[in-house]
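S.K.: Could you slot chain B onto chain A? The hints should help.
Take a look at the letters that make up each chain.
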Amino acid sequence: MNLGDREVFKEIIGRYPKRESAIVPIMQYLQKINNNYLSPEAMNAAAKMVNISRSRVYGIATYYTMFNTAPVGKYHLQVDTCVPGFLHGADEIVKYLSKKLGIAVGETTSDGMFTLSVVQDLASCATGPVIQVNDRYYENMTVRKANKLIKSLKNGKIPENHPSMNVVSRCGILLNDRTKRNCRTIGFYKDNGGYEGLKKAFTMKPDEIIDEVKESEIRGRGGAGFPAGMKWSFLPKKDPRPVYLICNADEGEPGTFKDRQIMEFNPHLLIEGVAITAYAIRAAKSFIYIRGEFSWIADTLEAAIKEAKKDGLLDHIDIVVHRGAGSYVCGDETALIESLEGKRGYPRVKPPFPANSGLYGCPTVVNNVETLSNVPYIIKNGAEAYRRIGILNNRGLKIFCVSGHVNKPGVFEYPLGTKLSEILKEAGGVKGKMKGIITGGLSVAILTASEAKDVSLDYDSCHKAGTALGSGGIIVINDTISIPDLALRTIEFYQHESCGQCTPCREGSRVIRDKLRSLVRGEGTMEDIDLVLHLCATIRGITICPTGDAFSVPIHSMITKFRPEFEALVKT
Amino acid sequence: MIQTFILNGKETVFTPGQMILDAAQKAGIKIPTLCFLKDTAPTGACRVCLVEVKGARSLMAACSTPVTPGMEVMTDTGLVHKARKMSIELLLASGEHNCLVCEANGDCRLQDLAYFYKISNLRFPKSEAKFHIEDDNPFIIRDASRCILCGRCVQACNELTVNRAISHGYRGANSRIVTGGDQPYNNSECVFCGQCVQVCPVGALSEKKSKGLGRSWELKTVRTTCPYCGVGCQLNLHMKGEQIVKITGAEDGAPNYGRLCVKGRFGYDFIYSRDRLTTPLIRQENGDFRKASWDEAFDLVAEKFKEIIKESGPDAVAGISCARSINEDSYNMQKLFRAVFQTNNIDHCARVCHAPTVAGLAASFGSGAGTNSISEYKDARMFFCIGTNMTEAHPVASYYVKQAKLNGAKLIVADPRYHELAKMSDIFAQIKVGSDVAFLNGIMNVLIKENLYNRKYIEENCTGFEDLKKAVINYPPEKAAEISGVSAETIIRIAHEMAATRPSMLIYTLGITEHSCGTNNVMSCANLQMLLGNVGVEFGGVNPLRGQNNVQGACDMGALPGVFPGYQSVTVPENREKFMKAWGVKSLPDKPGLMINAMMEGLLSKKVRALWVFGENLANAEPNIGHAEKCLSSAEFLVVQDIFPNETTKFAHVILPSASWCEDEGTFTSLERRVSMVRSVKKAPGVAKPNWWIFKELARKMGHDWASGSGREICDNELAVLCPMFAGIKFSRIKKDGLQWPCLSEEHPGTPIVHKDGKFISGKGALKGIEWTPPEEIADKNYPFVLSTGRRLSQYHTRTQTGRSGMDTIYSRETADISYADASEKGIKDGDMVIVESRRGKVTVPARITDTVPKGLIWMTFHYRDGNCNWLTNNAYDTVAQTPEYKACAVRIEKA
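One line per chain: the protein sequences are A and B, in this order. 0 is the number of the first residue of the first sequence in numbering that gives the first Met the number 0; add one for each residue after it. 0 is the number of the first residue of the second sequence in numbering that gives the first Met the number 0; add one for each residue after it.
The following block holds chain A by itself, in its conformation from the complex (with noise of 0.2 Å):
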């Protein structure tokens, strides 16, 4: 076993005020100089550097889908066949290379080159199906382009990935001009106005900073939709304690890639926005927690950081990038931070809120990557400014994620309270004829087409539909597809995905992915459909955290408004 570098431990351990939380990415850095294998040896390795116990270091290493405690090939294939890697072919990649590997899904080829695997939603929704290779996604996948993918690997060869999608800003706040060579550094920011929110707020009281975000009326990005700056006025003032803010980066709803358009693309302005918010919360500390399959878009921020930092601009807050180990729930505030702590990804009971008891106990900030980026335009624009995009109660702009059946899939940055039938039209119009569409990520409940057609794009619309605006991932589904195969789908991510700590969710998901496997395959009853009704309608609102409304609100949904498919499948 490789032991690894001392000064490299020192330094991860270094960047947090706890050497629990230095856990993971010292299990990160010993699976990856170890052959993308992190032996026992390597666990208690880890356990003993940062002390903790065996047993939790396991914990954590069988909870994140990123560890391998068995070994794998030197390239592991690991393809999404989420809900939207479906839609858009992914099971045929993965017949496709299961038969050309000669290995089934789970297999290592024998000469240990190729282990195949099949994981749950890459946030590569628009540009699937997608193969991740080790720590690279390669997008836009066919079964020619896998081929020569294969081809070139078994040649030792890493090629680049050249992902394309259709990308439109009607705003021009978040998403900057990609084709630019230079859009990443802080030359080409600076040059379009970046960085000026930032010193207009170095000239402001923390607390006006405040006053203006409220002002501005902005909801939480992420999809609850709460006010963010009533948010930040629930940390307790004259407190002892350290603030935290944190950076929710961990973008995982099936349907939803625009935080990793914004961090990707242009980094610099979620470090201005969460500049700023650190010293509107007077947080010296911030975290920016990414998922772990965004380790290349995590080096990209910690480039910005280096050079923000380097520019002088970033002296009152110390910016650390977490890499996250692959969990869907670590996308809850709670279970973010314990995430963070160096523990296993489980949602806290509430109370007590982040606001006055989050990361270390001290009063912390979540919020999420789009949310923080709308801050810099704020800011430098005034709330007032900022009220006049979108509609009452709606205020501000989103980016649309659109997957799924339709021509020119990808990102929308569009004023809340647009027509969901413009978006549709600026993404090239729907693939042949729309049966249901979900308009906030795969947690809410299916619209059919009839149910869609003047829904408008913001929180109130969505809700007067019956659904939500959510993440804004929106998912069409066209008359090719089965709604009893797509609630299979949409169940088989949640169940992968339940972090097991309370009973409903973890019980639950399970009995009905095993109600709908049966359904599927003709060996259900009508019993059955009536089963999963009455399970989806009890766990909602009993669980943890939302991951149980998160399957039960969409599945519930699929049933009621599709049931004659359902029905047709029973045995008769």
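Simulated from the structure, these hints should not be mistaken for laboratory data. Hints may contain errors.
Stated by the list, open to error - A partial selection of chain A residues facing chain B, derived with a Cβ cut-off under 10 Å:
1. P39
2. T64
3. E526
4. R539
Note that the structure is a prediction, hence the values are computed from the model and not measured. All C-beta atoms in this analysis are idealised placements derived from N, C-alpha and C, irrespective of residue type, glycine included.
M.R.: Relative to the frame of chain A, chain B by itself:
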């Protein structure tokens, strides 16, 4: 102001911060829960305690939702029951819940809830997961297929006992409880405290020894006190007839509140051993023992003692009492020696462990016992632990220290070994063996020089400051560093930390006492705590962890050569008058008697012609076994009273069979001065008898008729009457939690903290300047290693009890613990047989290479006859208390 909320339509009182579950429970409304575990942070995992809260968007978990004034809570609605029932049904579908063959049948919360919700058929498909049953360890059966993932075991392991062997593993429906590497308990960090078993609400974890012995409804529970270390844990014995089916920690009992260690929970079956002594035995001419009647044995003992006393005077006989047996036994034994034989030659094994504590703390404070209580540990702000391997020798006390540490308390550990507690510490001072006084003087030097001590406290409450100052001034940190091996910076840092965070609790064990300077070590600890003003306050004090279950009690009972029960000196005429009157004798000896080592030497010199050994395995436990056995074999008449034949009974002329723990009723006194009840649940085997009865009968044979005919009568009618400090301790008052002495009247609540507010029992605390002296024997060219000795978690003393309770399967033989550096220098690999040799003997044992011991140190124990460290240890003694220097001698080590 009284605050209320509405519970099922009724106005109900609550206290701020209280959770709904607790408030409802107190109001008589029981809310079911599977995951809630007292004294740990609620996880809300099972979702069975869901209740309706008016205005809330969804059902709320009662275990983790705080009550607010006016809140309307409903626990009994259709919505609530629908949700609860679904969770129960889901759990039933999640594994193999077959009650017919389950040990938990009748004592299972899942079964109770399934019954309550009338769940007769499983609507949900069963999980396909297959789990194997793990039963390859001696104590615990793990059956993951019965696990409901409530997480209570994980909380017990990580929050209650802080042994941290298990965690949640994997995720979603694949979740299960794992050790490091998902290995069986046997091959993990598990220390078999079994707390996980106690808290398991279903049958996923069960006691292996209990399997098939009895169903829950057949069992009756009897509370008693643990027979192992001095912590004094309260146990519930689950009895079927005379058989202990299992033991659990008493959830409502101080000091352990449900917590136990491996010995306390699983080390009970020695009482059923076939090896038990069942009849008196008399040695024949040919050296073999023959069975005898009690009359015959008593006649022989009485005749022999009479004859020797007549010929050589009363001081030619001597007795050693037992620190494992109840107080009332030690009381009667010393009474026999003092009142009947007319000698003060009575001692017990505190001599070989904590006698320096008794002597040192009595000199410093006026009382020779620990000052504070275990219940303070969990909320203490700082600990200074020196010479204590708590996690192994006093596990349950260590749980609280570790818990406090996790909750933010500072922990300073000073020890030659980097043991488990050291690994958790904020500052670890790896002191050289026997350098304690110099090290402590170094800290006090800094405190005085930098004016960081508590001047006001000293001025008001203590004497001798100038004397102390004069001594410690010669120990600047640099000099202390040179002697102790701890850097001057660390010594200064410790002084600063201790000055900054007050009070701190000083905890020590035998690392302080078992030295030729043991009493000085103890007084140095006392000096440090007085200097900081840490004595007589909550979360402070000097806290010696007494070794055996009743070693505090045996001292209290006057099984010591200089004091009557209750530390009343034999040299004070009024004390003798009082006891003469009470015991109906015309005289009592006024000169302190012999201590154990003098008794042993007396056997050789024939000054002691008869020795009565009660429950003490001298042949294994004394230093320098070769010499000890020579002494024993020269005894003219040796009486050994025990529950088992052992290495010492071999030398006896008469062996008397005793009733053991669980076979007699009486009291133990723990290290926090707590007198607790010990109850009887079975008859002694054969004609074995209670120890107090044996002494009483022998007295009768010699013409003394004692009135008290039970433990209760001795306690209530003699101890309480004769000893002011026990005046309020009556059997009727200690049915549940015991009382901590001093307890001055029947209304007195007992004394958790002595010397309160600096009001020392002796009037003023006595500071005393102390010079460091090295151990009697130090490493040299011929014997270049230091040998230090101690105890291992799963074993107890010479294994007479633990060796008959399955503990050998965890730790099966003695080893020589050696550092990686020395092992590699000597070419020794882990498990290689090595010869360890001192000037007194040699043993051949496997080497155990560990990061616990530093270079130059070998560490061993006295648990096993084979490889016993006492073949090597030095029979050098503390000058005051005559405690042997078990902790330091010189050895050499070679590959065998």
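S.K.: Take the hints in turn and mark each one as holding or not.
M.R.: Hints versus structure:
no., hint, verdict
1, P39, "holds (5 Å)"
2, T64, "holds (9 Å)"
3, E526, "holds (8 Å)"
4, R539, "holds (8 Å)"
Violation of the numbered hints given earlier is absent; every hint is satisfied by the structure.
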